[in-house]
Amino acid sequence: MAPFHLLLTLCVLAIAGFFIGRSKSFAVCSAQGGPRALHSRPIYYGILTAIWCAVPALIVFSFWYFFQSTIIMDLVIADLPDPIRFLPEDRLNLVVNDIKNIVAGNIVAGNISPAIQAAADHYKSLEKTAQVALSVIITAMAIIAIAGVYLKITPTLRARNYVEKIIEGLLIACTSLAVFTTIGIVASVFYEAIRFFKIVPVYKFLFGLQWSPQMAIHAEQIGSSGAFGAIPVILGTMLIAGIAMCVAVPVGLMAAIYLAEYANKNFRNIAKPLLEILAGIPTVVYGFFAALVVAPAIRDAGGILGFSVSSESALAAGIVMGIMIIPFVSSLSDDVINAVPQSLRDGALSLGSTRSETITNVVLPAALPGIVGGVLLAVSRAIGETMIVVMAAGLSANLTVNPFQAVTTVTVQIVTLLVGDQEFDSAKTLAAFALGLLLFVITLALNVVALIVVRKYREHYE
Amino acid sequence: MNQEQTTGHPHIRPGRSPLVERTERATVGQTTVEDPRISCKNVAVYYDAKKAISNINLDIGRNEVIAMIGPSGCGKSTFLRCLNRMNDTIEGCTVSGQIFMDGKNIYDSDVDVVPLRAQVGMVFQKPNPFPKSIYDNIAYGARIHGLVQNRDETDELVVGSLKRAGLWGEVKDRLKMSGTSLSGGQQQRLCIARAIAVNPEVILMDEPCSSLDPIATAIIEELIDELKQDYTIVIVTHSMQQASRISHRTAYFYQGDLVEVGSTDQVFLNPLHQLTEDYITGRFE
Numbered sequence: 001m002a003p004f005h006l007l008l009t010l011c012v013l014a015i016a017g018f019f020i021g022r023s024k025s026f027a028v029c030s031a032q033g034g035p036r037a038l039h040s041r042p043i044y045y046g047i048l049t050a051i052w053c054a055v056p057a058l059i060v061f062s063f064w065y066f067f068q069s070t071i072i073m074d075l076v077i078a079d080l081p082d083p084i085r086f087l088p089e090d091r092l093n094l095v096v097n098d099i100k101n102i103v104a105g106n107i108v109a110g111n112i113s114p115a116i117q118a119a120a121d122h123y124k125s126l127e128k129t130a131q132v133a134l135s136v137i138i139t140a141m142a143i144i145a146i147a148g149v150y151l152k153i154t155p156t157l158r159a160r161n162y163v164e165k166i167i168e169g170l171l172i173a174c175t176s177l178a179v180f181t182t183i184g185i186v187a188s189v190f191y192e193a194i195r196f197f198k199i200v201p202v203y204k205f206l207f208g209l210q211w212s213p214q215m216a217i218h219a220e221q222i223g224s225s226g227a228f229g230a231i232p233v234i235l236g237t238m239l240i241a242g243i244a245m246c247v248a249v250p251v252g253l254m255a256a257i258y259l260a261e262y263a264n265k266n267f268r269n270i271a272k273p274l275l276e277i278l279a280g281i282p283t284v285v286y287g288f289f290a291a292l293v294v295a296p297a298i299r300d301a302g303g304i305l306g307f308s309v310s311s312e313s314a315l316a317a318g319i320v321m322g323i324m325i326i327p328f329v330s331s332l333s334d335d336v337i338n339a340v341p342q343s344l345r346d347g348a349l350s351l352g353s354t355r356s357e358t359i360t361n362v363v364l365p366a367a368l369p370g371i372v373g374g375v376l377l378a379v380s381r382a383i384g385e386t387m388i389v390v391m392a393a394g395l396s397a398n399l400t401v402n403p404f405q406a407v408t409t410v411t412v413q414i415v416t417l418l419v420g421d422q423e424f425d426s427a428k429t430l431a432a433f434a435l436g437l438l439l440f441v442i443t444l445a446l447n448v449v450a451l452i453v454v455r456k457y458r459e460h461y462e
Numbered sequence: 001m002n003q004e005q006t007t008g009h010p011h012i013r014p015g016r017s018p019l020v021e022r023t024e025r026a027t028v029g030q031t032t033v034e035d036p037r038i039s040c041k042n043v044a045v046y047y048d049a050k051k052a053i054s055n056i057n058l059d060i061g062r063n064e065v066i067a068m069i070g071p072s073g074c075g076k077s078t079f080l081r082c083l084n085r086m087n088d089t090i091e092g093c094t095v096s097g098q099i100f101m102d103g104k105n106i107y108d109s110d111v112d113v114v115p116l117r118a119q120v121g122m123v124f125q126k127p128n129p130f131p132k133s134i135y136d137n138i139a140y141g142a143r144i145h146g147l148v149q150n151r152d153e154t155d156e157l158v159v160g161s162l163k164r165a166g167l168w169g170e171v172k173d174r175l176k177m178s179g180t181s182l183s184g185g186q187q188q189r190l191c192i193a194r195a196i197a198v199n200p201e202v203i204l205m206d207e208p209c210s211s212l213d214p215i216a217t218a219i220i221e222e223l224i225d226e227l228k229q230d231y232t233i234v235i236v237t238h239s240m241q242q243a244s245r246i247s248h249r250t251a252y253f254y255q256g257d258l259v260e261v262g263s264t265d266q267v268f269l270n271p272l273h274q275l276t277e278d279y280i281t282g283r284f285e
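Residue numbers (the UniProt record's numbering), protein chains in the order written: chain A, 1 to 462; chain B, 1 to 285.
Hints are not guaranteed to be accurate.
Keeping only pairs whose Cα atoms sit at most 25 Å apart, straight-line, the calculated BS3-like set for lysine-lysine is [stated by the list, open to error]:
#1 B:K126 / B:K176
#2 B:K126 / B:K41
#3 A:K456 / B:K172
#4 A:K456 / B:K176
#5 B:K50 / A:K265
#6 A:K265 / B:K51
#7 A:K165 / A:K152
#8 B:K163 / B:K176
#9 A:K124 / A:K100
#10 B:K104 / B:K41
#11 B:K51 / B:K41
Just so you know, these hints were derived from the structure itself, not from any lab.
Construct all of the structure, not just a fragment, from the sequences and the given hints.
This is the structure in structure tokens:
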């Protein structure tokens, strides 16, 4: 049986197990006056049977496939003729690759020696045997599990407790998946960044004022020794994110205040989803909006006012990015403002506050932790945004805070570093990981700072 | 089942005039007073198309404590919120009729609700201190109305208001602490202190003791007893004992109608309306 068919069979068996378990529970309690005599509801007996049927079999299944090819290959190598078997390791690897290619039906370069062909056939036959063995084992396990649980079902079996334990385990697994993924990503970025810092010293990376990651591809090339100073890139990121926040925070917050405090219900019901559509537009679309509409408009406006504005400018990217993240600020702020209890508003109004005094003195301070959370999310979006910057702000790493000039950001540089065709362990490629680590540290620091601010404020007010 | 209902005859006691029948909903008793502080004429409130109260005519005298009683949903809180136009904040709520205060209808289009609400303070069912310090809770109203100019005046006002609300002794060492950290009864007294800090003339209380224990309730009732020297107090309450303890006059609401008004003694000892008697004797269905 092919793996897919095997899984399908297992599925069918599990479903069958569910019904078998359930009907057994009905059967064992019929003499004692129906399902009320059972410890758990009948459905739990069914679920317990199905879980016992499917889960152990699935575990065996995945382990089997995890180790199958290695074990079979070892067996095949052991059977190879001696001259091939005792080749040096790298040559042997080539042979192994040939065998694998023949098995997979790919075209193999050069002539195939009969020994390798024989090995490939051997591999295929072993694989087939393994397949059959696995099918038999899995099916048998499932059926035995069903039978085992079937025999165990009595009115006193605490099926619900077992099922709930298993479900709790599932929840724990899902939680740890997220946590371990984060740890894994950080660890891999960290590891590669360490490799980068072996080539380029940390202080040169952190405090260097020049970013031009072009490395010499040939030894005889000149003028491309590479400079990995992250300051211009970080500064560009800050500049664009700062401009974006200058647009998004006031506009978003005021929109939220209007929606939550002033707008009538009908207007709110229409305007809020429309505003949230802004968040649904792909960033590429924002990107060409920025590059084709906003950037030329800013350049022309700058020309009229006597500024020299390059056609790719931080301002254009920042403004469009700000527009993009307005809904993050407004939607979250609107929710937290709405969550401020009406009784606080009533209290302020009944003292003779005007509406605006109520909002600025009572509602906003009470909603502040949530608003800060929304702004923080928006900052993360702004720092992580790539596409708009690529299209509207360019790639040149200028060390400037002039918003009319082209700048670049960390994420854009990561993309350009990794899309090249250099070998993976060159400084240029590894620099991407160092930048990624830096970005991670910066956003983490922002989060911590914001948390501290919010906590301090809370202590002050609650 | 009580007998009156089954026989359909009015309840007659020796030496008393017969009670007004249940179906009769015009207000009985003394609705007017001499030189009223507030005078309501034909007040009706609708939430969208749903009638909440109608045809309310009631005078509220100076320096009197008037209690609103009645079963839940009878419109007594709605009526209370008309007196400082807090109903304006509820979407779909319309108020008709007139409420005169100092000879001026507060529902006239040229009336500004901000000074009105400063004049008519309110204490709510659930204590709702701001999530600010105790000090700022009291100072807030006075600051926005410009009643205090500097730190010393503010200190004086805060101390004075807390003393009047009987809270000073308990919080004098922790004015910087958050108002929400106090106990329920203390919070409610903080809200009363906050209300009197803006120097109102009328204080509306919407079931101020309903979430408090008996001891906190007794303290608040004592406080009301003192405050009535200076303020007109309109209090909504579910507790008839409380109404009889603290109020001069009592108004009984039933299903959006003002059924009976009179001196508290008269309403509780000698009601004129069958519905009032049903309610105060616990035969309300």
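Status of the hints after comparison with the structure:
With a C-alpha separation of about 22 Å, the suggested pair K126 (chain B) and K176 (chain B) falls inside the 25 Å cut-off, and the hint holds. For the hint pairing K126 (chain B) with K41 (chain B), the CA-to-CA distance comes to about 29 Å; that exceeds 25 Å, so the pair is violated. Between K456 (chain A) and K172 (chain B) the CA atoms are separated by roughly 24 Å; this keeps the pair inside 25 Å, and the hint holds. Pair hint K456 (chain A) plus K176 (chain B) holds up; C-alpha atoms about 15 Å apart against a cutoff of 25 Å.
With a C-alpha separation of about 19 Å, the suggested pair K50 (chain B) and K265 (chain A) falls inside the 25 Å cut-off, and the hint holds. Taking the CA atoms of K265 (chain A) and K51 (chain B), the gap is near 21 Å; set against the 25 Å cutoff, the hint holds. The suggested pairing of K165 (chain A) with K152 (chain A) holds, with an alpha-carbon distance near 18 Å, which does not exceed 25 Å. The straight-line distance between the Cα atoms of K163 (chain B) and K176 (chain B) is roughly 17 Å, inside the 25 Å bound, and the hint therefore holds.
Distance hint between K124 (chain A) and K100 (chain A) is fulfilled; the C-alpha atoms sit about 10 Å from each other, no more than 25 Å. Taken as a hint, the K104 (chain B) and K41 (chain B) pair is honoured in the structure, with Cα atoms around 12 Å apart against an allowance of 25 Å. Restraint check: the Cα-Cα separation between K51 (chain B) and K41 (chain B) comes to about 17 Å, which is no more than 25 Å; the hinted pair holds.
When held up to the earlier numbered hints, the structure conflicts with hint 2 and nothing else.
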